[in-house]
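Residue numbers (my numbering): 84 to 524.
In case anyone wonders, no lab produced these hints; they're calculated from the structure. Honestly, I wouldn't trust all of these hints.
Label pairs and their calculated CB-CB ranges [stated by the list, open to error]:
#1 Gln305 with Gln171: 17 to 27 Å
#2 Arg302 with Asp267: 44 to 54 Å
#3 Asp434 with Asp490: 14 to 24 Å
#4 Glu463 with Asp506: 16 to 26 Å
#5 Glu512 with Glu471: 15 to 25 Å
Every residue, glycine too, gets a C-beta built ideally from N, C-alpha and C.
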Amino acid sequence: MHCRCGRPHAEGSCEPVSAPVADAAGQPTDFIEAALVKALLPHEGQRRRFLAAVGSQAARAAIASVLPVSALQAMAQDKAPLEKKDLQIGFIAITCATPLIMAHPMGFYQQQGLRVQLNKTAGWALIRDKIISGEHDASHFLSPMPLAMSMGVGSARLPVSVATIQNVNGQAITLHVKHKDKRDPRQWKGMKFAVPFEYSMHNFLLRYYVAEHGLDPDRDLQIRVTPPPEMVANLRAGNIDGFLGPDPFNQRAVYDGSGFIHLLSKDIWDGHPCCAFGLSEDFIRQHPNTFAALYRAVLKSAQMARDPAQREEIARAIAPAAYLNQPEVVIKQVLTGRFADGLGNVRHVPDRTDFDPVPWQAMAVWILTQMKRWGYLKGEVNYRQIAEKVFLLTDARRQMKLLEQADPGERGRTITVMGRGFDPARAQEYEKSFAIRKAAV
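The whole structure should be built from the sequences, with the hints applied where relevant.
Shown next as structure tokens:
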């Protein structure tokens, strides 16, 4: 800002002001304050009299007291020109991906200047392969997948970052209707169960659950990887006895009369992560402004999805064929938590699924302990280092602050699984404490 006298201070004040503040890239940020003054006092004469009366420093202090100037400056920097506007994003047609999916019909991507093509994908191995090949720019993932991919476990190594958790809870153990008399897991020996992928919370929660009831999941059960859209058909045909899978397929099995909900996954670990939204480290490095725009879109979407009052509208938006391709009533039961369980009951569990986006690193550490427990990881594991590298907690906090969303504080750090607390600082001790685990080789 310059006065007509030519000196670097606000016009008409004749009071020197400090040199323009610049960001790390050397871009001036005082234009934010100038724009705010102009917006508050649109007439030049008003601005001149105001600045002459109070001085520019006092004007800055007054504005900062009522408006988040620093946040607006940071947001303006984040909204620098996008390196890439046309994006391909992969997803599996499940309610776990609600924030990522609904951002399309609700216009959150468009608000950030992005043209997003959502690509419905058949299975998780294909989701992984399309990110590795670069066919997808960003993707819906099962939350353990970026950990596995970043370590090169089960696929070629590709460092992948978790920007947000897409959903917490939102899974269930569903059994065939013929097993209504087998509610005790100790009766499940020899039964066939489906999970959507090896590197999934579904696999690790099912294993944990049956092991706590005395069954070795590798010896006493048959666990098959089955794409989520095929689970209900396989249950109906008798190819499997049950599945621990994502919604809406638990509810779809009830709707079709082929299955009943034995247990919600929240009853194993309330607040557990399920799916995630992620990108490769290379994409983030090469497209930082696009990454920030995507972050804002998905966080805004998650904020809306967390509001129970919005759930019925969201169900209508994501039920069509382009997205979930499921009856709206099924999606509504899942999202609102008022549902038939297939046992003759209508239950009301408002947090059956939720959309807390914070990628807590303690969650990643727990996942890694289970990967180690069941033989997916060999040798020594630096749990903390891997979790901090893959789960972008600091970035999530920063973007939430810029969007003036509530600071997550310490919530999500406390983990209790089937009544047992988990301390991420003692991960190695925790992993070795289980009586039923895959023998070391």
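(message) Under the constraints set out in the numbered hints, which ones does this structure not fulfil?
(response) 1 and 2
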